[in-house]
Amino acid sequence: MKRKFLHGGDYNPEQWLAHPDVLKKDLELFKKAKINTVTLGVFSWSVLEPEEGHYEFGWLEDIINSLHQEEIQVILATPSGARPKWLADKYPEVLRVGEDRRRSLFGGRHNHCYTSPVYREKIGAMNEALSMRFGEHPAVKMWHISNEYGGECHCELCQDAFRAWLRERYQSIDELNEKWCTTFWSHRYQSFEQVESPSSIGETGLHALNLNWRRFVTSRTKDFLEHEIRAIKKGGSQLPVTTNLMYSFTDVNYDELAQSIDVVSWDSYPLWHKREDIEIATDTGFWHDYMRSLKNKPFLLMESCPTSTNWQSVSKLKKPGLLEAASLQGIGHGADSVLYFQMRQSRGSFEKFHGAVIDHSGRDDTRVFKEVSKIGEDLEKISLISEGVTGAQVALVYDVENRWALEDAKGPRNRGMGYMELLLKMYRSLKRKGLNVDIISSTRDISAYQLVAIPMLYLLRESFAQQIEEYVKEGGSVLQTYWSGVVDEDDLCYLGDGPHLLTEVLGVRRKEIDGLYDWEENHFQPAADGFLKKTYRCNRLCEIVEVGSAKRLMEYQDDFYKGEAAVTCNDYGQGKAYYVAADVEESFYDDLFGHILEEKKIKRLVAKSIPEGLTVDSRVNADAEYVFLQNYNKKDLDIGQLKLEGELLLGESLSKIKRYETLIIKKRL
Amino acid sequence: MKRKFLHGGDYNPEQWLAHPDVLKKDLELFKKAKINTVTLGVFSWSVLEPEEGHYEFGWLEDIINSLHQEEIQVILATPSGARPKWLADKYPEVLRVGEDRRRSLFGGRHNHCYTSPVYREKIGAMNEALSMRFGEHPAVKMWHISNEYGGECHCELCQDAFRAWLRERYQSIDELNEKWCTTFWSHRYQSFEQVESPSSIGETGLHALNLNWRRFVTSRTKDFLEHEIRAIKKGGSQLPVTTNLMYSFTDVNYDELAQSIDVVSWDSYPLWHKREDIEIATDTGFWHDYMRSLKNKPFLLMESCPTSTNWQSVSKLKKPGLLEAASLQGIGHGADSVLYFQMRQSRGSFEKFHGAVIDHSGRDDTRVFKEVSKIGEDLEKISLISEGVTGAQVALVYDVENRWALEDAKGPRNRGMGYMELLLKMYRSLKRKGLNVDIISSTRDISAYQLVAIPMLYLLRESFAQQIEEYVKEGGSVLQTYWSGVVDEDDLCYLGDGPHLLTEVLGVRRKEIDGLYDWEENHFQPAADGFLKKTYRCNRLCEIVEVGSAKRLMEYQDDFYKGEAAVTCNDYGQGKAYYVAADVEESFYDDLFGHILEEKKIKRLVAKSIPEGLTVDSRVNADAEYVFLQNYNKKDLDIGQLKLEGELLLGESLSKIKRYETLIIKKRL
Amino acid sequence: MKRKFLHGGDYNPEQWLAHPDVLKKDLELFKKAKINTVTLGVFSWSVLEPEEGHYEFGWLEDIINSLHQEEIQVILATPSGARPKWLADKYPEVLRVGEDRRRSLFGGRHNHCYTSPVYREKIGAMNEALSMRFGEHPAVKMWHISNEYGGECHCELCQDAFRAWLRERYQSIDELNEKWCTTFWSHRYQSFEQVESPSSIGETGLHALNLNWRRFVTSRTKDFLEHEIRAIKKGGSQLPVTTNLMYSFTDVNYDELAQSIDVVSWDSYPLWHKREDIEIATDTGFWHDYMRSLKNKPFLLMESCPTSTNWQSVSKLKKPGLLEAASLQGIGHGADSVLYFQMRQSRGSFEKFHGAVIDHSGRDDTRVFKEVSKIGEDLEKISLISEGVTGAQVALVYDVENRWALEDAKGPRNRGMGYMELLLKMYRSLKRKGLNVDIISSTRDISAYQLVAIPMLYLLRESFAQQIEEYVKEGGSVLQTYWSGVVDEDDLCYLGDGPHLLTEVLGVRRKEIDGLYDWEENHFQPAADGFLKKTYRCNRLCEIVEVGSAKRLMEYQDDFYKGEAAVTCNDYGQGKAYYVAADVEESFYDDLFGHILEEKKIKRLVAKSIPEGLTVDSRVNADAEYVFLQNYNKKDLDIGQLKLEGELLLGESLSKIKRYETLIIKKRL
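Residue numbers (the UniProt record's numbering), protein chains in the order written: chain A, 1 to 669; chain B, 1 to 669; chain C, 1 to 669.
Bound conformation, chain A alone (with noise of 0.2 Å):
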């Protein structure tokens, strides 16, 4: 097979096969939009399985013959996400319970217990039927499993799963206690037994069991993808197998999720126009990175809008030329498809307003289907880009187990700890600097990379603290930030002086931390020898530290700790670690990466300064680099001045871009 982007999204034809009319006129339309992928059975139980035990298939089969025909290839998925009503009110065990110890009725979607083993018979019967039918089908490339996981389950089978997972874990109570702290309180425990997962009618205090539940529902969901898919390969099928993630999404770990699957793929729904379009983009940008990290591979692009979504507060219309960018720029990150929920609008309930490919009205000359079919033309014309790789020099740890320790901790600031926007801030000022940027874990390798920011790395594993030594030791530069190295991973505070572990790198200790009030804010001002020259402003939490071994670069300009040190650089080994004692602004970020990269003399994507509302990206393959240029200001862009070179493999002009338009510019290896 020759290299592709999928193009095309989710199709439910079982939604219209009383009208053979509809379908056949789809097919028509597809083939007009250059698509050449879709994705079939999201959500197809009921019809699949309208009685217990009988399946349906043949109306599939059609379809996907009919695809075929037309040289359409098909991701097939489970059918997990939603159950049929005779399986809810047959079995009631598979529905959920929430919190509140309260079972669900049946509604909605992507609610049932992980564990049921009900629900896991029915489904592996299904997926191991599927696969038997369909897996050798030439039309079907991929195995869609389920959609996009998530939520919980506090059922009684889900209590004892967890507690069957607390004993592997601890081996035994009396070290879940002490790891917990459970004296606190008297909320020590006699044996696994006893305990409960957290509820806002009993327990939601003990951080320790917050954090180790949310890694159970993790462990748990992980579990359930694996049945699913062993199911599959029961049924005879080889094919790969992904599953639909999201933006920020916290409920599972998908650095654990992506171990069990052969492609990484998400959903992308941003609020285009909310806030400003560079805004957005690159907050887009940094999932896309995101996801490609987390296997260092090229990804799919599963879903997004053609027009505007249903479920926002506000329903906006994408302006012309915003879906060709963002569907190019998912590219430019390392994506290999281009792929719409949905491709016909449903009829009725919750989401017959989300746009879709194909509207009520059926219409091809609506301004989505041409946009749509226009992207289908860039794809085929760039189609060589696919399956090419993002390198990256510079890493940025955003760590989803950390996330959940440090914002459900109670203090220093429950109003809000600044961690998405701390991670962002850095992430938009690397961007700027023309860079590609790979996010990743604490459990990950960075001894590639020439330098790694770690932003408030509040639960810090001791291999990691022993990881960032050795790199830096070794010659590799890291920005460690305030509120880093507080808890171990069961959450329990280290003792002794902090940053745990990191004083001797970092060549400083934590004393206190200040919580500063919305409306509060200090300043960082230049230290007598630093080379930071300015002031910035800083808010949130303020760190006062005693320099140890560090050079002085900033220091607080108010409050009393005025004077104290507030950035610091610590030469170690052949390396330098960085400290930034207090959430500053983002500028403070531009200057002190400008001075890290020249100093070791990182290259950038383009040579010059890159101007406001630009992003920059790029995609390497066997043959050469391609760099994506993308402008999301309000009007067009003369970039004359960046003296960009090479071969325009999409755009018109090495010079100027258009609103919207991408660029894309091959540069021989």
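Please note that the accuracy of each hint is not assured.
Unchecked claim - So these bits of chain A aren't anywhere near chain B, every CB distance computed over 10 Å: (1) Leu29; (2) Val47; (3) Leu105; (4) Gly235; (5) His354.
Claimed, not checked - List time: in silico PhoX-like cross-link candidates among lysine-lysine, alpha-carbon distance up to 25 Å: (6) Lys410/C <-> Lys319/B; (7) Lys319/A <-> Lys410/B; (8) Lys473/B <-> Lys31/A; (9) Lys179/B <-> Lys25/A; (10) Lys179/C <-> Lys274/B; (11) Lys319/B <-> Lys600/C; (12) Lys32/A <-> Lys511/B; (13) Lys666/A <-> Lys297/A; (14) Lys511/A <-> Lys511/C; (15) Lys562/C <-> Lys562/A; (16) Lys24/B <-> Lys179/C; (17) Lys562/A <-> Lys600/C; (18) Lys370/A <-> Lys562/B; (19) Lys32/B <-> Lys511/C; (20) Lys34/C <-> Lys511/A; (21) Lys32/B <-> Lys658/A; (22) Lys25/B <-> Lys511/C; (23) Lys511/B <-> Lys34/A; (24) Lys658/C <-> Lys562/A; (25) Lys511/B <-> Lys370/A; (26) Lys179/A <-> Lys24/C; (27) Lys656/B <-> Lys643/B; (28) Lys31/B <-> Lys511/C; (29) Lys274/B <-> Lys511/C; (30) Lys374/B <-> Lys511/C; (31) Lys319/B <-> Lys24/A; (32) Lys562/B <-> Lys374/A; (33) Lys24/C <-> Lys24/B; (34) Lys511/A <-> Lys562/C; (35) Lys274/B <-> Lys562/C; (36) Lys319/C <-> Lys410/A.
Don't read these hints as lab results, they were simulated from the structure. Glycine included, each C-beta is placed from N, C-alpha and C at the ideal position.
Based on these hints, arrange chains B and C on the given structure of chain A.
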């Protein structure tokens, strides 16, 4: 009986049976304030039947006799609005089950199950007994069934009733599945038995379920109301019946309830002085007109507060004169009564600080008492107007079923569609032109009107679409807006071009609809040949339409749809169909309606343009038309320029109107 | 035992039993910081009784012995604040049932049922055993019963207890029906068995039920407290007992609880630096005075935070010096201790970031540790003041039962009546005059005061009305405000003129009360002969009164009640009764109190007018009066103009006071 207006209100002497002095004093004060009617028995069940099966009606008979002696007539209520404790304790089924499937405890009021056979049996026996005992008492003039029906119950009895109601409506479960689009998210039902009412712990996103649940709740409430009426009839009374409706209420569809009663009555509690008086007055006028239009007959103002209420965020005193104005406003809109809640303040419990004619001081020299007495005098002075009707040439379509569906839909704007705001915008504009306005649902006949304004008729009945077409063809003028003709009666989207069935009469076709954030706006600017020459701001929602046979009147000024049509007019048959594509500011309607009225030569109540803050309404009887003018400005107003003519039935001058004054001008027909 | 102040706080060594080095280090650090007292055993149940019936007291004895060796005394707590898991698992009845009738799961703390016979049996046995083992240990000086009693339980056991309590109070159900006005909305009870506690899924609007439920909860809590004390006594200990109360707490009425304990103690956690320091200081002073006034005796500051807490929205560091000021402020208001929560920070769970004398670093060179040590020195320096009392000529009536009723009522302002705001307004004004102030309920004797301010006494006991009349007649000055004398002890409205029983002594009669929206205001302007000559803004609530024998001092300036009396003074007997009809700004009270103090020649602690940001308090013992001055301004303050005299017990100069400095001046009597 000679014509007269009812003056009085809710009276609960059962709270004072141990205080005969109070009861005696009440009668004295009633006479002093020219009270001629009181409503008895609302919430009296626990005194009427203190133990199961043991009726105590003696005290009520005594009260009615005393009132009769003083020539005060009685509206007698059935006591179903609140049940006795023994009833709830012995038969828990009478208590409602919430949407979260938890049964309520005893408490509050208005919260019994409308299905419960026990509740129906008990209230049936009670009503029959009341009817037998008091149905022919000369003081008793009308039955007041229950109180402010509303709410819903999700108990198993109601679920069964819902299923039976659905079976009646859809005949087969396949038909329901098709109409409800249940294939979406695998929600297909195999039988009616599987259907459950909407629930926050189950299904809330199946819009057709939600809509039909609301219809069922209306049907259930109506059925209960009719059950109560039947019991009254069974007891032998043939007196007219009413039930008191409420302000902007969406629990039930009053169009349906109105069919079961002889007289419409409602409880009016505007938040006077929270915003400008004229705004509150016009808003209240809308609901008076709605209540009158339900039967196109005089109605009763059943409750109103003589001073501050106690349940609002702030209990604001009515400023001197406002009560009189508000009371006469009802008369001007077609009410045949001024009735208050309440005659005497209760000493304890929830409403002890709700305003009353007689307060805790028991005095007759309070400001309130004096104002009430003045209204008593007014009503005697203008009694010949009672039973007069209201003639309107203009109708505004407000459809409760449409409102349910429109506001429940997901997209295009979940932050508020602005349906009521749009209705009120149009209403205010029409009233400022000096017109009486009928407020009707889309099940009503529109052929007799000169102009029909139809805002956002998202749920379009095919029969009404045909009516519109016919109406315009025959010479009627229609003003239709954006987001009309989207779904059918089951909230299933129409396929093909929209507004469904109206593209021909309107001469336009909807292409897209854009949601605007609260902080966004666009503008209308004049089209080349349009007669509208100003610029207007628009917000919330902007439709982009393709113009067919219609003429462009205005265009958008901003965003990517700049230059697209925003207002059009289509000549169709003998009539004209206007289309407004976006949520535009009020002054636009002033200008557009002004043009239409002139073109159609629609006669206004006042020849000249009406000054800000002045309201104009009228009633007609066999002899004359009675024009009401009221001044809701902070100051007296010179109205010489209106050149009013006729006999002053109330008020002192045709050229000047004091703050809160009401002028009533009699014009011979 | 010679006089001394207690210095120390909560200590949980049971969290560190596996770390003997930590325990050893603690003792060392305690001595260094001049700690002389620690509280043990709060939340220690699961360690004291790890299995049912199996007590392990050895570790506690070891700790107490070690402390004793270092001359550190012990306040020993009963552990009922949190139950062990085994207790909740075996006896679910010990867990509370919420107002929504759902039983809690195990978790949190302070949430056991106060009625449960099992819980009473288990804690009784525990307390008795603790008393036997430690009641005569020379280090143990006081019992600390449970922790921060609060909350409520709605289980069937509590419902039965509530019914019995009601039967005791009302004797017959008819009496209850009459007092509660249950005829309203047909809520009449046939028997006490029918009564249920208030519930959001049942009854919330029967105010008399709500009020009596609150009284019952207080009675239940008190009964449980006394049960705990009895068990201690049964164990043989005769040591004094306390229980720690809390800041502005309305779950229970502390006036009642205070009767069952020997010493009042409370936990003070002001939100320092969230608003201006002087505002926080005065607010905290109010609660110190309230706690002292409960018994008119020195009290204990049982808990306070040495640095930032962890449960506030923002964990703000205390600025250098503030801790010392806040600690000595308590002493100035009558505290005989400075005790912290907590001595050593826990490693995990909910409060691991709550400030402590010894933090996770374990260092003795932290800023906090040094500040605590400094306070230890201060306390030794001023130890002769301990046990000194506070003399006040002025009382402010703050009545918790009144607050319950006032804030629960519907009308005249459900958006906030401003009761606490009014109290604090008056308190701040009185403190700025240099006065000690007692804060008392309306069940207390007022005859000894020179001036009594009685804001918004909505619930007026007849006995207190008589006291007021007597008090004024005998020459006292009273300041009464709007919305007083409205209901009796069962929240039943008084009939006839109001303020009930006070119209004669006040010389005015309430006619109406107007609620003002947050954005509205009115003004007071001088009446013709009044001595107040300025204009003041008023908000929230404005009463319109008829003036009888009183003299008008001020009138309204705006709205329809312009010119009506706003402030009056009635000469009655030998005294004067002032009436303030509206919620007027604070400076009004400065002027009115200024006038009254002068007229009554009430002596102030400082002769001259007190500069902004300075606080003044005093304590007296047999030898001398000790005047405390504290500076809560951002800067040092020159106070030469105060011409202070006396011996400086703390501080350096009588003419200058540094930021956060405390001057203590000894004045021989």
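Original post:
Is Lys319/B within 25 Å of Lys600/C, Cα to Cα?
Top reply: With Cα atoms ~41 Å apart, Lys319/B and Lys600/C exceed 25 Å; violated.
Original post:
Quick one, are Lys32/B and Lys511/C close enough, alpha carbons at most 25 Å?
Top reply: Distance ~20 Å between Lys32/B and Lys511/C Cα, so the pair holds.
Subject >> Outside-interface status for Val47/A - nearest CB in chain B farther than 10 Å >> reply: The claim is violated: Val47/A sits with its nearest Cβ about 6 Å from chain B, within 10 Å.
Original post:
Is Lys562/B within 25 Å of Lys374/A, Cα to Cα?
Top reply: Answer holds: Lys562/B to Lys374/A is near 23 Å, not above 25 Å.
Subject >> Pair hint outcome, Lys473/B versus Lys31/A [Cα-Cα no greater than 25 Å] >> reply: violated, 43 Å
Original post:
Hey, Lys370/A versus Lys562/B, does the alpha-carbon distance stay inside 25 Å?
Top reply: holds, 20 Å
Original post:
Between Lys319/A and Lys410/B, is the straight-line Cα distance small enough, at 25 Å or below?
Top reply: Holds, at roughly 21 Å.
Original post:
Within a Cα-Cα threshold of 25 Å, do Lys179/C and Lys274/B meet the stated pairing?
Top reply: Not satisfied, since the Cα-Cα distance of roughly 35 Å exceeds 25 Å.
Original post:
Keeping to a limit of 25 Å between CA atoms, is the pair of Lys656/B and Lys643/B held or broken?
Top reply: holds, 11 Å
Original post:
Would the pair Lys32/B and Lys658/A pass a check requiring their Cα atoms to be no farther apart than 25 Å?
Top reply: Between Lys32/B and Lys658/A the Cα gap is close to 82 Å, so the pair fails against 25 Å, i.e. violated.
**OP:** Measure nothing beyond the straight line between the CA atoms of Lys274/B and Lys562/C; if it is 25 Å or shorter, mark the hint as holding.
**Re:** holds, 20 Å
**OP:** Compare the distance between the alpha carbons of Lys25/B and Lys511/C with 25 Å, and conclude whether the hinted pair is satisfied.
**Re:** holds, 20 Å
The structure fails to meet hints 2, 3, 5, 8, 10, 11, 14, 15, 17, 21, 31, 33, 34 from the earlier list, while all remaining hints are met.
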